[in-house]
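The whole structure should be built from the sequences, with the hints applied where relevant.
Chains as they are written, first to last, in numbering that gives the first Met the number 0: chain A, 0 to 208; chain B, 0 to 208.
Check each hint, because a few of them may be wrong.
If several chains are the same, the list does not tell them apart, and a pair holds so long as it fits within one copy or across any two.
[What the hints assert, rightly or not] Taking lysine-lysine pairs in the DSSO-like style, the calculated list, with each CA pair at most 30 Å apart, reads:
#, residue 1, residue 2
1, K30, K58
2, K96, K58
3, K8, K58
4, K72, K8
5, K69, K130
6, K8, K114
7, K114, K58
8, K8, K30
9, K96, K8
10, K69, K114
11, K130, K30
12, K30, K96
13, K114, K72
Hints listed in this document are in silico derivations from the structure and should not be mistaken for laboratory results.
Model, not experiment: these values are computed from the prediction.
Protein chains: 2
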Amino acid sequence: MATKITVRKEREFLLRRADILAQAERIFATKGYSATTMAEIADASGFAIGSLYHFFQGKEHLYETLITEKIDKFQDEIRRSSLAADTALERVSAIVKTHFAMLTTYENFFSILIKWEGIHQKDKRPNLLEKLLDNYRGYTDFVESVLREGQVQGEFPNVEPRVAAIALIGMIDAFAFSWLISANREPLQDRAEALLDLFFRGVNGYGKA
Amino acid sequence: MATKITVRKEREFLLRRADILAQAERIFATKGYSATTMAEIADASGFAIGSLYHFFQGKEHLYETLITEKIDKFQDEIRRSSLAADTALERVSAIVKTHFAMLTTYENFFSILIKWEGIHQKDKRPNLLEKLLDNYRGYTDFVESVLREGQVQGEFPNVEPRVAAIALIGMIDAFAFSWLISANREPLQDRAEALLDLFFRGVNGYGKA
DNA sequence: GCGATAATTGAATCAACATTCAGATATTGA
DNA sequence: TCAATATCTGAATGTTGATTCAATTATCGC
Numbered sequence: 000m001a002t003k004i005t006v007r008k009e010r011e012f013l014l015r016r017a018d019i020l021a022q023a024e025r026i027f028a029t030k031g032y033s034a035t036t037m038a039e040i041a042d043a044s045g046f047a048i049g050s051l052y053h054f055f056q057g058k059e060h061l062y063e064t065l066i067t068e069k070i071d072k073f074q075d076e077i078r079r080s081s082l083a084a085d086t087a088l089e090r091v092s093a094i095v096k097t098h099f100a101m102l103t104t105y106e107n108f109f110s111i112l113i114k115w116e117g118i119h120q121k122d123k124r125p126n127l128l129e130k131l132l133d134n135y136r137g138y139t140d141f142v143e144s145v146l147r148e149g150q151v152q153g154e155f156p157n158v159e160p161r162v163a164a165i166a167l168i169g170m171i172d173a174f175a176f177s178w179l180i181s182a183n184r185e186p187l188q189d190r191a192e193a194l195l196d197l198f199f200r201g202v203n204g205y206g207k208a
Numbered sequence: 000m001a002t003k004i005t006v007r008k009e010r011e012f013l014l015r016r017a018d019i020l021a022q023a024e025r026i027f028a029t030k031g032y033s034a035t036t037m038a039e040i041a042d043a044s045g046f047a048i049g050s051l052y053h054f055f056q057g058k059e060h061l062y063e064t065l066i067t068e069k070i071d072k073f074q075d076e077i078r079r080s081s082l083a084a085d086t087a088l089e090r091v092s093a094i095v096k097t098h099f100a101m102l103t104t105y106e107n108f109f110s111i112l113i114k115w116e117g118i119h120q121k122d123k124r125p126n127l128l129e130k131l132l133d134n135y136r137g138y139t140d141f142v143e144s145v146l147r148e149g150q151v152q153g154e155f156p157n158v159e160p161r162v163a164a165i166a167l168i169g170m171i172d173a174f175a176f177s178w179l180i181s182a183n184r185e186p187l188q189d190r191a192e193a194l195l196d197l198f199f200r201g202v203n204g205y206g207k208a
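Below, the structure written as structure tokens:
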């Protein structure tokens with residue numbers, strides 16, 4: 000039966016593709032985009048250079064796919080865990096804690112982001128940077144909506160939700176960043192508590208505990 | 000008298016060099032590092048390509064010089080204005096307000112940072128990214144010291160200075176960033192007040208006003 | 001097993017620019 | 001004005017590495 004084989008082939012194709020992405024991620028994370036060659040990726044994934052072009056249109060496409068896929072997963076995870084909580088306070092808390100938890104699991108990905116290189120796209124339109132900015136705006140919108148709903152329930156009386164959302168994301172990113180670049184990776188969980196305490200006192204006038 | 004001429008030549012050399020840097024800054028800010036060619040910079044500054052190499056060792060050196068000079072000035076400005084204030088609260092306030100004020104004057108520079116591209120340095124060691132990270136650490140250290148001194152005077156009782164410093168810088172950067180990428184540049188001054196209010200309430204238990 | 005189809009290979013090609021440097025031009029001191 | 005020196009010029013060079021594609025190998029249905 001032809002379709003059965005087709006399905007299996009499809010699956011195998013995707014597995015190989017995913018493997019190439021995984022290898023590429025590792026290399027991009029250590030060397031950055033431009034210092035990484037297609038030859039290296041081919042080598043690491045056990046394919047010939049030419050074969051990579053059956054899976055991706057080119058180096059740029061490979062890089063974009065990698066980043067796009069990861070960032071989407073990351074966003075989904077944050078939203079899911081946040082919306083699973085019942086109260087506004089818990090939702091905010093979930094955002095911070097999930098973000099920090101993801102830092103460990105997605106470490107390579109974040110290393111790539113820190114080494115960020117805007118890609119030289121001679122004419123192509125909305126490029127990767129634009130996509131990342133959209134993503135950031137979407138994230139801010141989400142946090143804002145969580146805070147706004149909280150206000151409906153009487154929380155966070157002291158602030159404009161948009162402002163607080165930007166501030167919160169800024170703090171999260173700052174802690175994440177300084178953790179990523181620090182040599183001694185002290186557990187982030189403690190930091191999460193300190194951050195939330197600071198934030199809740201700031202927006203509510205009293206600490207979380 | 001030979002030295003007189005030497006001095007004038009020296010000065011003219013530096014002026015030309017500064018002009019090249021200014022033109023390059025503008026172009027880097029709109030197109031990013033790799034999309035900018037030496038030919039363009041030469042064109043914009045009215046020199047031939049070859050001449051650029053009398054002023055800078057190469058494209059990379061030009062870019063590094065640009066970023067290093069700006070960031071040093073930026074840091075100086077922040078420290079100066081902060082230390083000019085007397086109380087800890089005013090010092091923190093000065094950091095935020097100066098940072099925001101610089102955003103307008105150094106806009107091109109910050110656009111370059113947003114379009115950040117790690118440069119592919121085949122073998123050279125401490126690269127630009129490392130320098131920027133050091134700078135970030137230095138900035139954090141400074142803010143931390145301001146907060147720590149404040150604590151000696153009884154302010155900010157609720158937090159660890161390092162944690163609060165990271166949080167504060169994170170918030171500043173977040174507001175700066177969202178201002179830079181927003182279409183309608185609403186005045187940042189209002190944001191400064193909101194930010195400080197949030198922060199002081201967070202670290203002190205009461206708002207700034 | 002066999003022809004047909006799909007997947008894989010990697011050496012050769014190609015484009016893009018940074019950089020160089022031999023010659024042209026300008027500036028200097030006399 | 002003139003030789004000496006400093007400065008500038010931009011076409012030609014060189015390097016790097018992504019991409020291509022004709023040839024090879026694997027997999028398929030029968």
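Output the indices of the hints that this structure fails to meet, ascending. Those not satisfied are hints 2, 6, 8, 9.
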